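Engineer: I would like the entire structure built from these sequences, with the hints used as guidance.
Residue numbers (the numbering used here), protein chains in the order written: chain C, 95 to 393; chain Y, 74 to 255.
Source of the hints: derived by calculation from the structure; they are not laboratory data.
No experiment lies behind these values; they were computed from the predicted model shown.
Glycine included, every Cβ here is placed at the ideal spot set by N, Cα and C.
Keep in mind that the hints are not guaranteed to be accurate.
Stated by the list, open to error - A partial selection of chain Y residues facing chain C, derived with a Cβ cut-off under 7 Å: (1) L123; (2) L140; (3) I141; (4) G145; (5) F146; (6) T149; (7) L192; (8) P195; (9) P196.
Here is how the chains run, residue by residue.
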Amino acid sequence: MAAIRTQKEIRQRAPIWLGILLLTNLIVMTLDARDSVTRQRLLRVWIQALASPAQSVTSGASGAGSNLIRQIVNFRSTAQENEVLKQQLATAQLQLRNAEQAAAENTRLQALLNLKEQTGYEQVTARVIARDSSTWFNTITINRGSSAGIALNMPVVTGTGIVGRVIALSPWTAQVMMITDEKAAAGAIVGQLGGSGALGPVRGLGESGLIEMRYVSGLEKVEVGDYILTTGQDGIYPPGLTVGEVAQVKSGTATQSHEILIRPGAKLDQLEEVAVLLYHPPQRPAPDQTLPNVDKSKK
Amino acid sequence: MPQLKIAAALALAIILQLCLGNIWFPLSYIDFPLMVVVYIALQRHAWHALIVGTIAGLAVDAASRGLIGAGGFSKTLTAYLIYFAATRVNLENPLLRIPVLAAASVIDSAIYVFWHRSLGYPPTRPFMQTMSYRLIATTVVGTFALYLLDSLFTERARQRRSFASRRKGARRGRGLSRPSRR
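Structural biologist: Encoded structure:
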């Protein structure tokens with residue numbers, strides 16, 4: 095019964111306590127509101143002083159803790175951010191690749207420019223725009239044609255070696271048969287012109303990517319790594335251009351010629367820019383078809 | 074000593090309220106002192122609920138930039154309203170705590186902002202948005218926190234449950250005895 099009475103008393107007195115507490119709060123609140131300058135109150139000082147150790151601990155922990163929570167909660171935004179960063183990385187990689195390509199192109203063009211100075215022939219720089227679409231032949235198409243002064247059978251070169259010759263023309267494009275084609279051939283010599291007697295024609299071997307050199311006397315000294323240059327006797331390539339280097343030699347004898355395989359100097363599978371030499375081989379006198387005992391002056 | 078347990082729970086709630094916002098700001102939307110106030114008010118301890126409401130409100134006010142007393146006023150009034158409701162309606166069902174917590178959060182926010190605006194200190198954060206965040210955070214976390222407080226005050230809860238079952242039994246006994254007497 096005592097407990098019930100107490101509960102009843104509490105219930106009856108609760109509104110009074112409520113009024114007192116609310117009034118207290120109201121007075122504190124209005125006192126606080128009156129001082130709009132400092133807002134400095136004893137209660138505030140004490141509470142902040144008491145709370146400061148815990149707050150400083152949590153502030154110290156906030157570095158790692160907030161990062162962890164932020165990472166967990168912001169997982170979705172992190173994923174989105176990750177996507178954006180991936181895109182930016184891809185863009186940067188593309189730009190880097192472009193820059194590398196530009197640098198490589200610059201090097202190649204520089205080599206072509208040097209080639210012009212070395213050979214002394216006029217040249218037309220062209221870009222490889224296509225490879226043989228049938229995949230049966232070793233030909234490329236370049237973006238310069240007869241309008242640029244290119245003619246049939248003109249030699250096509252890079253800074254590191256010959257590429258082939260022009261076999262078809264349009265005003266704006268030209269088709270080039272590469273030196274590795276089985277139908278391609280050139281006159282060549284092992285070593286320097288005049289310093290070697292190892293002369294012979296070279297011709298392509300097709301898919302192997304190598305060039306074969308024939309009819310070199312077995313008495314001539316030929317070693318792997320020797321340079322092969324053009325002789326200019328074929329009427330297509332000017333003398334002194336690099337064909338490649340000896341990759342393999344099967345030595346011949348006095349009665350049998352060497353079997354020489356040449357690795358082309360030009361990187362034929364990575365061609366991007368080439369130069370067409372505006373080379374016109376010297377005209378050969380037409381062979382005299384008449385009989386030697388005919389008196390030409392009578393005609 | 075239930076008073077000590079209440080004091081400990083209140084101190085912990087105030088510390089959490091003052092500190093968690095430093096770690097991650099959205100955690101400050103969770104009103105831990107209000108959960109304690111609601112829990113004690115639901116136990117129908119009027120005096121405890123009113124005092125706890127005042128102390129909790131004043132403590133949080135003092136540590137904040139707001140008016141000292143505004144939070145005390147709002148939490149005290151909220152505590153009384155919940156106590157008033159709990160003495161007239163059975164709010165023992167745990168599911169009913171959810172709307173009670175939500176209502177307490179709304180009332181507390183509304184009174185707090187009302188006094189600040191009335192006294193010329195309007196809060197800088199938008200009312201509806203902040204109140205909504207507080208409502209959601211306090212209700213969600215409070216639902217679990219009240220279970221923890223149940224375990225803290227388990228002796229009292231056990232007694233209350235036993236009294237309730239005894240009352241039920243007594244009523245049934247009276248109800249069954251009447252027909253037999255007839």
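Engineer: Report holds or violated for the interface hint on G145 of chain Y, using the least CB-CB distance to chain C and a cut-off of 7 Å.
Structural biologist: 4 Å, holds
Engineer: Hint validation: I141 of chain Y versus chain C, beta carbon distance must be below 7 Å. Holds or violated?
Structural biologist: 5 Å, holds
Engineer: Checking hints one by one. Is L192 of chain Y an interface residue toward chain C, by the C-beta closer than 7 Å rule?
Structural biologist: 4 Å, holds
Engineer: Against chain C, with CB atoms and a cut of 7 Å, does the hint on F146 of chain Y hold up?
Structural biologist: 4 Å, holds
Engineer: Does T149 of chain Y pass the interface hint, meaning its C-beta sits closer than 7 Å to a C-beta of chain C?
Structural biologist: Where the cut-off is 7 Å and the nearest Cβ of chain C is about 5 Å from T149 of chain Y, the hint holds.
Engineer: Under 7 Å is the threshold here; is the Cβ of L123 of chain Y close enough to any Cβ of chain C for the hint to stand?
Structural biologist: Holds. Min distance 5 Å.
Engineer: Does P196 of chain Y pass the interface check with chain C, least Cβ-Cβ distance below 7 Å?
Structural biologist: 14 Å, violated
Engineer: Holds or violated: L140 of chain Y as interface residue toward chain C, Cβ cutoff 7 Å?
Structural biologist: 5 Å, holds
Engineer: Should the hint that P195 of chain Y touches chain C count as held when the rule is a Cβ pair under 7 Å?
Structural biologist: 12 Å, violated
Going down the numbered hints, you'll see the structure goes against 8, 9, while the others check out.
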